[in-house]
Amino acid sequence: MQLSDSRDIKAAPLAVWQAILNPDVLKECIPGCESLTGSVADGFEAAVVQKVGPVKARFTGVVTFSDIIEGKSLTISGEGKGGPAGFAKGGAKVALEPIPEGTRLTYEVDASVGGKIAQLGSRIIDGFAKKLADDFFARFQQTVEGPAPEEVVEVTSDEGEPAEEETKKGWFKRLIGG
Amino acid sequence: MPKDYGIGASSKRREDVRFLTGRGQYTDDLSIHGQAHAVMVRSNVAHGKIVSIDTSAAAAMPGVLAVFTGEDFKDVGGNPAGWLIKSRNGEPMREPKRPVLAHGKVRHVGDAYAAVIAETYEQAKAAAQQIADDAVIDELPAIIDMKAAAADASNRVHDEIPDNICFDWGWIEDNRAAVDAVFKSAPHITTLELVNNRLVPNAMEPRASIGEYFPGTGDYKLTTTSQNPHLTRLLVAAFVMGIPENKLTVVAPDVGGGFGSKIYHYGEEALVLAAAKKLGRAVRWTAERSESFLSDAHGRDHVTKIELACEKDGTFLAFRTETYANVGAYLSNFSTATPTFLHGTLMAGPYKVPHVYVNVKTIFTNTAPVDAYRGAGRPEATFSLERVIDKMCRELGLDQFEVRRKNFITPDMFPYTTPVGLAYDTGNYQATLAKAIEMADVAGFDKRAAASKAKGRLRGMGLSTWIEACGIAPSHLVGVLGSRVGLYDAATVRVNATGNISVMVGAHSHGQGHETVFPQIVAERLGVPESSVEIVHGDTSKIPFGMGSYGSRSLAVCGVAMNKAIDKIVAKGKKIAAHMLEASEGDITFEDGKFSVAGTDKAKTFGEIAFSAYVPHNYPLETLEPGLEETAFYDPANFTYPAGAYICEVELDPDTGKVDVVAFHCADDFGNIMNPMIVEGQVHGGVGQGIGQALLENTTYDENGQLLTGSFMDYAMPRASDVPFYNVDYSCQTPCTHNPLGVKGCGEAGAIGSPPAVVNAVIDALHRGGMTHVTHINMPVSPGRVWQAING
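Protein chains in written order, with our numbering: chain A, 1 to 178; chain B, 1 to 792.
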């Protein structure tokens, strides 16, 4: 299954690039990610919980980076074993280009599943994967850009915990000194 | 008035009482003291190199008793193919070993490469998952598309087979040049490329096996879901495990449907026996539904190009087909016979076509093995023929009924030898076609079509005039064709001292109703009540060596064996009667359950003779043995050839592409009928499966070999609302000429004859609606495919 899309992110290409390679950012952005550790050079070990149709599973596996052209593009590949659920594997080619508003991030995802997920979930797997990619990149965008002001207000009023505002607001920007 | 007992009566199925009240005894119902549970570890990838299987963690888990991998079985035999087919160049087929557990490589999703035996099912399941997690299997590119597989020598399902071709078969190769010559000069040629869709058998009861070993005697027992326990015993004993046959009992108790998928021996059967011996405990395994989808032998899966050469008036001159047949990853027991001798030999249909040539290439792929499924090869032949004939009629503007009539073999031509090697003994295809036309009220079709149109729907009518070769047996014939076994059958009729009768039969009943029909024949012949006759089947320690049930053979082969044994009982009874009545044996007649001295009122009832046989105080021991029990083996002279005409009417919604089967008429010639109700039931079931294939069922593997239709959520089985109430007739009867019961077999007919009738009806509906650009839609003719065909 293949899908591709692009997103315009209001941040400089360098900031986006650093975010992609940052395990804390990835952990925050991968839906259902329980843990993610390691380094770009050796790859990350990840544990992700996902529910595809009737199959819920905890996938553990390795995420590796290749074809790295510093600041411009790279390929992220991963393979996760989901125990009785089977496996999922895939890769995303990600490219960054500067635009007036910041950075255009283009991605091409190629993913496949095997075992029980394929047998039971094939009807929904394409839609599921699209949603997963959308979620990931939406969270990624939000993390890099920081939440829009009105969203912060919403969170504050909903949760009634104004203390969180400070931490939510562009924590990644602060982290990388942005 | 219809008969109320014996041959021809619609006796109610006695087995249904236990089936419908939950009192059936299926393999999984058995609970054996001390039993352990087996769970198979199955491949998640379609094609992979087994690098390592670390079982140490699994072996240490709670309750785990033993772990097996392919390494444990590498020195025992493989599960063999039952038929040796030769390629056009004379070379024998390529026959890779099919091991109990995969060794070296895994070759399809669901290929078992390890097994765990544990105290409980849950413990075995957990440990099996541990092995799956710990095994290192390097995924290789999957080989899925047949034509690509044959063209690419670099990627191989079996490393020793360079082009993934099992064999390239020509039937009849010597006729090829003559057939090609006809096509060069034919006034008209119709060509059709089609797919016969792959089906999952989906028996209601999943496969299950229990192995037992008795250390005191060294005996083994295998209780298993089998259509033919003796064949399974032979395969396990002689080929795979090397257990002496007399040390292995195979029992197939109540079996909840097979449709072919339970003919074959599967690795799990050998596994539970080996595990039982190792542990000294009973070891049981029952497939989950997912495992059934992954590992039962699938059916069909042909990609075919068929050509019909004819005169402009529709007179057939020749058929020529090229078929790619998928055998999957390994050769299942009948897998080489199904696309060849159960398919190629039927490619003349019921027609007097002078020239036929069939080429079949069977291809290994990284998919589950493919083998015989209800109809087995004959549905594929019938679909190709009846679809290309329908297309030809449309191309030339000819009447479909008239074209059939023009080309039918006529009743005066029997016995008729076809150009594909069969000799049809009898038939009357004109009669069944006329009957179907009458039943379907073909004359009133236009009126019904107009009514459908008024509702905004398109109505179409499809015809299929089918023939099959069944009563799969004749040992001499199948031997010539490549079978490595003889295919006779056997029965023992044991008259007990009190006059009731046990009949031990080689056939196996897994839904067919043998326990009802066979007693009807015994009752008729011996003048006893049906209720005093009991059928014993499915236990190799009780029954004579028979070849089981498949290929619509139970009645036409085993039933006739039983009939022969009854002949012997009558002959023996006459001897006993002659002694008791102090008459000469030649003067004894047997009628209505009485042995009489001709021309006198001296007589003994059947019960008196039976009792005497077991209390033989004064028998002349040199000329008359005590007892009244006879066994007969029967090997028929020929196949039987049921045939018929099916007319299907559909209504199609042109906006959505949804097809509804609104009427289905079957005029069949099954020869003599033993139990009309059961015959009707068989036709209903077969047509239901045929409609399932035509409209709903499809097995899809993705390019990585993942089975995408691995559950009933994605694999559409026909439901009651998908089928009409069938209109079934079997009054056109040309009794089989070479068996004394005159029976032909009816088990597969519906699944053979119906798919082309449905698809022809869909095409007809579209053409009547003006969409003449649609010449074919592959099965299943789903709403999506119809909509696409309509809208280009």
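Don't read these hints as lab results, they were simulated from the structure.
Glycine residues also receive a C-beta, built at the ideal position from the N, C-alpha and C atoms.
The reader is advised that the hints may include incorrect statements.
Straight line, CA to CA, 30 Å or less: simulated BS3-like cross-link-like pairs of lysine-lysine [claimed, not checked]: (1) 564(B) to 81(A); (2) 97(B) to 147(B); (3) 12(B) to 49(B); (4) 391(B) to 406(B); (5) 277(B) to 305(B); (6) 49(B) to 89(A); (7) 51(A) to 406(B); (8) 56(A) to 74(B); (9) 27(A) to 51(A); (10) 56(A) to 602(B); (11) 81(A) to 74(B); (12) 89(A) to 406(B); (13) 89(A) to 602(B); (14) 602(B) to 564(B); (15) 406(B) to 81(A).
One side only, chain B facing chain A, incomplete, derived with CB under 8 Å [claimed, not checked]: (16) 129; (17) 136; (18) 217; (19) 254; (20) 656.
Chain A stretches covered by chain B per the calculated footprint, using a threshold of three residues with CB under 8 Å from any CB of chain B [as the list claims (entries may be wrong)]: (21) 2-12; (22) 82-94.
Status of the hints after comparison with the structure:
no., hint, verdict
1, 564(B) to 81(A), "violated, 61 Å"
2, 97(B) to 147(B), "holds, 23 Å"
3, 12(B) to 49(B), "violated, 54 Å"
4, 391(B) to 406(B), "holds, 16 Å"
5, 277(B) to 305(B), "violated, 50 Å"
6, 49(B) to 89(A), "holds, 18 Å"
7, 51(A) to 406(B), "violated, 61 Å"
8, 56(A) to 74(B), "violated, 36 Å"
9, 27(A) to 51(A), "holds, 18 Å"
10, 56(A) to 602(B), "violated, 81 Å"
11, 81(A) to 74(B), "holds, 28 Å"
12, 89(A) to 406(B), "violated, 59 Å"
13, 89(A) to 602(B), "violated, 87 Å"
14, 602(B) to 564(B), "holds, 27 Å"
15, 406(B) to 81(A), "violated, 63 Å"
16, 129, "holds, 6 Å"
17, 136, "violated, 11 Å"
18, 217, "violated, 40 Å"
19, 254, "violated, 28 Å"
20, 656, "violated, 19 Å"
21, 2-12, "violated (count 0)"
22, 82-94, "holds (count 4)"
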